Amino acid sequence: MSSHTAIKQVTKSNFTPSLIRELKSHIDCCDFISLSSIKTASATSASPWQRRLLPFDTAETAYLKAKLTAESFQLLNVSICPFRVEGSKVVAFPYNFHIFPREEVKMGLPSHSFSCQASYLESLAREGFDFNLCIYKGISYLSRVQESLARQTNPTPLDFRIYSKSSKSFADSLFIEGIKSRIQYWRKTCLASDESPHGKTSNSLKMLILGTQTYGKRPCMTIDVCSEHQVNLVFQTIHGISDSLVPLRVHDKGVIARSVQVVLTSSEEDKSALLSDIQRAEEEQNFKLRGFREVIDLISSSQKPIVSYNCLNDFTFIHEKFIAPLPPSMHEFACSLKMVFPEILDLGHLMKEIGPLKNAKNVSSAFSYLNRQLFLPIKLEVPFQGDKDAEKKNQGRNVLKITSLFAQISQLLKFNPIEGHTNIFHPISRMELDAVSHQDDTINHATKQEEIAKWSTHNLVFIWGFNSTSSSNLKNQLKSYHPKFNEDFNLKIVDRNCAVAAFKRQGAVVELLKEVEAGSSSIENMLSDGVRIAGFGAYKKICEIGLWDGELADSLQTVMLSEHNKMHVSVENNTSEIYWDSKFMLDPNEYLEI
Amino acid sequence: MYFSIFACVSPATAPEKERVKSWCVGQAMAGRRLLLRQRGSGAVSSAKYSFSSSCFSSLLSNKTTDKRTKGGGGGEGGEVKKKVYQVKQVRVDNFAACLEALRPLISQAVFVAVDAEMTGISSTPWRNSFEWDSSAVRFLKLRDSASRFAILQFGVCPFTIHPSASHSGFSLLAHPHNFYLFPKNHPEFLCQISSLNFLATHHFDFNTCFSQGLSYLSRAQEEAQHLSPSANAPSPEHEQDINAHVDFTAQNTADLLFTQRIQIWLHEWREQLIIMTRRDDFIQSEKMSCKFGNFETTSYKMRPAVLLQGYTSHQLKLIRLVVRKHFSGLVFVRTPADNNTWESRVVYTHSEKDGASFLKELQMDLRSSRESSVTSAVGFRHVIDLLSSQNKLIVGHNCILDVAHMYDKFIGPIPSSMEEFMREVHKIFPNIIDTKHIMNANGTVQHLMKSKSTALSSSFSTLCPTISSGWSHRSTSDQHVNVQVHADDDGSSRFNSGAKHEAGYDAFMTGCVFAQLCVHLGIKFDQMGPSISDPLQSNEKLKPYLNHLYPTWNSGTVVDFATGTEKPENVVYKRKYPKVVLENIVLLWGFPSGLNYKNLKGCIGKVFGPDKMVSIFFIDSSAVLLQFKKEEFVKDFLILKETLERRKDDPISILHPLSVIFEGGNTKAGDYNTYKDVIACNSCKVLFKDQADVSRVACKVDLGEKEERLFLDDDENISDSFYKNTIASLRGR
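Keeping their order, the protein sequence lines are chains A and B.
Everything in the first sequence is counted per full-length UniProt numbering, starting at 1 for the first residue and increasing by one.
Everything in the second sequence is counted per full-length UniProt numbering, starting at 1 for the first residue and increasing by one.
To be clear, the hints were calculated from the coordinates, so they are not data collected in a lab.
Be aware that one or more of the hints could be misleading.
[As the list claims (entries may be wrong)] Here are the computed lysine-lysine pairs in the DSBU-like style, where the Cα-Cα straight-line distance is at most 35 Å: (1) A:K89 <-> A:K352; (2) B:K629 <-> B:K676; (3) A:K288 <-> B:K629; (4) B:K500 <-> A:K288.
[Unchecked claim] Stretch-level coverage of chain A by chain B, calculated; a stretch enters the list once three of its residues show a Cβ under 8 Å from a Cβ in chain B: (5) 109 to 117; (6) 120 to 128.
In this text, all values refer to a predicted model and were calculated from it rather than measured experimentally.
Positions of the beta carbon are idealized from the N, C-alpha and C atoms, including for glycine.
With the hints as constraints, model all of the structure from the sequences given.
Dropping the structure here:
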């Protein structure tokens with residue numbers, strides 16, 4: 001892949017229906033679409049607990065964290081690359097879309113505010129990311145849900161609903177008669193063509209008196225209304241008078257129409273010309289409203305499989321910003337997403353199939369490994385004409401890396417890569433990999449297998465309120481509190497104030513928590529030292545109700561108090577399995593892919 | 001080099017203006033450097049300043065008012081040509097120099113005008129400022145805003161007094177500076193989309209800000225850094241506990257071979273150095289690079305040394321061991337290098353004494369570099385510290401949000417109550433002036449403003465028409481303030497044309513407005529000497545306005561930072577809603593969507609009587625505040641709600657008029673304190689109802705279970721009888 005490959009940079013100024021048509025033709029001739037994005041944040045191991053994946057996160061809590069991330073941060077760039085593999089050649093059409101939310105319609109849509117991670121923005125700026133381009137010329141968008149909301153509150157000029165005619169009151173008939181005679185007289189005046197100079201003057205005077213305006217080149221008049229019902233009456237009346245009249249609703253910011261404009265057309269052709277003009281204007285407006293979502297809709301309607309890296313993060317963002325607010329559970333999310341994108345393939349999961357790539361931390365490292373170690377005759381071909389601007393600021397290279405990595409892997413595997421690898425959103429299943437050698441000397445492990453053994457969430461207990469700084473100190477401290485802590489358990493410090501212990505023996509945690517709940521005297525010493533414990537249920541609850549503010553220990557304390565200490569025992573029956581790896585520290589590029 | 005401008009109060013007539021202008025151009029042509037460029041930008045001149053001038057009110061609505069004023073009063077400002085001043089732009093690369101230059105200016109300054117550009121104003125729509133907010137709620141919103149958003153630009157403009165260039169007496173000299181800031185030391189900050197778009201329309205350079213912005217550290221953060229053990233991390237190796245490594249011996253053959261080789265090389269290197277020193281051509285030996293394996297002799301702190309490159313940390317440990325064991329004259333040092341890496345060297349010393357002095361030197365060096373790294377992290381705060389330590393008179397326009405940001409960013413987290421906040425601010429900035437308050441409170445000024453907008457740029461063009469438009473006026477009336485703008489002689493490109501909504505330029509405008517206001521108050525700058533024996537802040541004429549800040553556009557009050565009190569402003573303020581009585585208010589959220597003003601008024605009127613509810617205010621689409629006529633209705637309402645919910649399946653409950661509101665079972669209610677608690681909650685949900693639901697979880701913990709059923713447990717009988725009464729009254733209809 002040459003470094004000069006042109007990536008089409010798309011901003012507000014060149015985002016047009018013709019670009020969409022071009023993209024559509026490229027998608028139609030391709031087999032896959034790869035996708036990557038740049039957001040305003042990237043999780044690092046220094047991030048607080050709610051921003052990074054922790055070793056004990058289940059699929060569910062991982063989703064809830066990704067949901068929080070997608071809700072608070074903003075997408076800045078989305079790169080889309082339709083491609084097809086032809087033997088050893090990959091034909092790719094990379095596009096990079098600059099995105100920025102703008103209030104094109106009122107009501108605080110698409111969003112009111114977003115968070116930024118200062119250190120990440122700084123590193124983006126250092127790499128030459130153009131924030132000005134993004135904020136000045138980024139394409140706005142509305143999600144599907146937001147668009148339908150906007151439609152409800154902003155009816156189009158031709159919109160009107162037929163109400164039952166029986167509900168005409170006396171006032172209604174008066175109103176109808178009034179406007180009927182007004183419109184008829186006005187129409188007659190307009191049609192009267194007195195060509196003499198005198199007639200012209202008197203005619204234009206008449207028009208002036210009647211309040212004639214023009215709609216484009218056509219004459220029109222305005223009828224004030226005060227309710228939706230009256231709009232309906234005006235529409236009905238006009239249809240009764242003549243086919244050459246076209247009623248259009250005029251409304252202010254709100255839903256309620258302010259007036260109806262009646263446009264006089266000269267012929268049947270003229271009328272259809274007017275209607276198509278209005279339709280076109282409306283479509284233009286809608287195109288502007290939907291903005292970047294037009295691209296998402298295009299991908300969705302193509303039903304082509306999508307290749308991405310760490311898809312949970314990309315697709316929680318895409319769902320939140322372009323489809324609908326994220327649902328409260330992982331399962332609902334997966335279902336909802338499947339309706340939009342039937343096949344999503346996570347390159348991370350695919351990389352597991354290749355031995356040497358198992359430990360690759362991100363796309364770039366896997367990519368350079370393959371290029372260094374194996375000779376794969378993959379040639380990336382980008383048929384775009386490289387324009388000069390794109391050469392300078394070639395943002396969105398990652399999508400090309402994903403594309404060629406995918407092509408290389410599928411060539412290595414020599415099978416249809418789609419089968420059995422789509423729609424996996426569990427980010428931690430990557431933990432099934434063999435752990436790399438580690439130097440964490442605070443915990444003594446017998447074998448490697450144990451470190452990454454499957455742990456039931458029933459075996460976990462959260463500990464906070466201690467003031468030890470190392471896990472070995474804390475372990476000794478705990479041993480002095482209760483004999484249960486003499487059992488074999490694995491301890492990990494989450495942050496300054498909170499730790500997690502994973503017991504080897506099934507049932508140990510339940511016994512311990514039961515004792516705490518019953519207020520057993522054996523734990524008095526621990527409680528008076530301020531050390532508190534809770535089961536996994538408490539953590540799950542925090543994620544579910546979104547107690548994301550502050551430190552994990554504070555949130556645990558809050559949830560325990562509000563649940564009247566019933567959360568000690570994790571009550572859920574369907575226990576989840578997690579892959580506990582003491583080495584597992586989140587790689588910055590793993591959680592939120594750059 | 002100065003260029004002076006006179007502002008006059010009465011607008012000059014058109015021919016006069018023309019004359020003045022041509023004079024102006026003539027002067028410039030006559031060889032003076034034209035520092036003040038003219039720009040024919042009518043659009044800019046009439047656009048109202050809306051960013052920080054109206055705290056909390058949404059930018060959107062402000063922009064629409066902008067348009068309106070533009071349409072209405074376009075005549076005056078619209079056609080007038082604008083004078084554009086040059087503002088010094090300060091970034092990372094020229095900060096140190098600018099700071100040094102700024103020091104004397106600030107200490108000489110009569111006053112210093114400040115202004116800040118933030119990434120946003122309100123984190124959620126319901127955190128906008130409402131008329132229904134008590135001062136406590138308003139403070140919570142202020143604190144939330146200051147803690148969530150970041151400052152991207154900070155304008156500092158000291159005004160000094162100099163002999164006037166054009167007439168006798170003295171005039172003011174402005175030194176506008178515009179600092180680009182970037183919150184490197186804050187992990188996350190919020191951006192309000194409308195604010196960023198607003199900045200973008202004023203050509204704000206985000207790239208410069210994010211890559212070249214100055215970092216800042218608040219006093220509290222700096223203290224925490226000094227205390228934390230990581231601050232001491234970059235200590236040289238020799239300071240650490242050496243004993244820990246003494247036992248470390250080469251364990252395998254490879255290590256043994258490596259140590260032997262190193263020992264030989266080091267020995268040879270030292271021998272050669274000794275020979276060279278004896279031969280007295282040490283200088284020559286420095287130039288000559290003697291190579292031993294990977295060793296290349298360099299000079300480190302005036303001593304010969306080898307830089308150890310390409311070794312693993314294990315090998316470096318071994319080398320260190322060898323040096324320690326076998327070479328008394330050699331010192332192994334590890335020093336921090338760029339990009340968080342370490343550099344290791346073996347340094348040659350002549351003697352034990354030289355070795356000791358070398359170590360001492362090294363220690364000093366490291367300490368100073370550590371200090372300077374903290375100093376550079378402190379960054380822009382040095383400017384604020386300068387202002388604070390000199391007790392300067394700080395002038396802002398509608399500046400309570402700016403002050404809150406200054407406190408949060410440069411001092412520490414804002415305290416939990418308004419009184420405490422004011423007290424703390426007063427300790428650090430004892431002299432603050434809000435020009436907006438002077439405009440609102442002074443009769444003379446109000447007469448002059450003729451009820452024109454008190455927003456910054458429009459008051460600038462109203463009060464200082466000559467400065468803003470760039471003509472000078474030769475008349476020497478008392479009503480003039482004479483402001484000159486200072487420019488460097490180095491002709492550096494750091495000067496940008498002052499543009500509106502650039503913090504530096506806004507600070508300049510604020511200062512000019514203040515200077516003009518002082519003239520109206522009877523303070524004469526032209527009779528002040530350059531030496532300020534009598535500081536401006538102790539001037540009796542200014543006293544009534546000192547430390548009086550304008551809280552928000554719709555409070556009708558003014559806060560006094562010196563006493564920590566809030567009092568009603570003299571100006572009669574027109575309220576949109578009837579007077580708010582906090583005790584009579586019920587908060588309602590989570591009701592069925594589509595419930596509107598009419599429905600609410602209707603069904604509550606049915607139960608309590610049509611005139612018992614004073615007003616309804618929608619916080620957003622999901623929550624509403626209802627104000628009843630009397631306090632007891634609040635309690636009655638809450639009791640009724642409890643009762644209806646308890647008897648969910650009771651047919652009467654279903655038929656009850658209020659069931660429209662409670663339909664769906666998610667409707668919750670509370671009194672004004674609940675509203676305050678929800679605002680105080682740290683979450684940031686877009687809809688008020690979601691925020692309220694989150695805060696309830698947190699609230700329950702604080703208040704205990706009692707709160708939940710407070711009204712029911714009070715007196716079960718009352719609630720029942722009330723319930724029966726309402727039912728009876730319904731039957732009667």
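A quick look at each hint next to the structure:
1. Among the hinted pairs, K89 (chain A) with K352 (chain A) is consistent with the structure: their alpha-carbon atoms are about 24 Å apart, no more than 35 Å.
2. Simply put, K629 (chain B) and K676 (chain B) have alpha-carbon atoms about 21 Å apart, close enough for the 35 Å limit, and the pair holds.
3. Pair hint K288 (chain A) plus K629 (chain B) does not hold up; C-alpha atoms about 48 Å apart against a cutoff of 35 Å.
4. Taking the CA atoms of K500 (chain B) and K288 (chain A), the gap is near 30 Å; set against the 35 Å cutoff, the hint holds.
5. A count of 7 residues in the region 109 to 117 of chain A with a Cβ less than 8 Å from any Cβ of chain B is obtained; the coverage claim is therefore met, three being the minimum.
6. Note: the region 120 to 128 of chain A has 5 residues with beta-carbon separation from chain B under 8 Å; the three-residue rule is met and the coverage holds.
Violation of the numbered hints given earlier is confined to hint 3; every other hint is satisfied by the structure.
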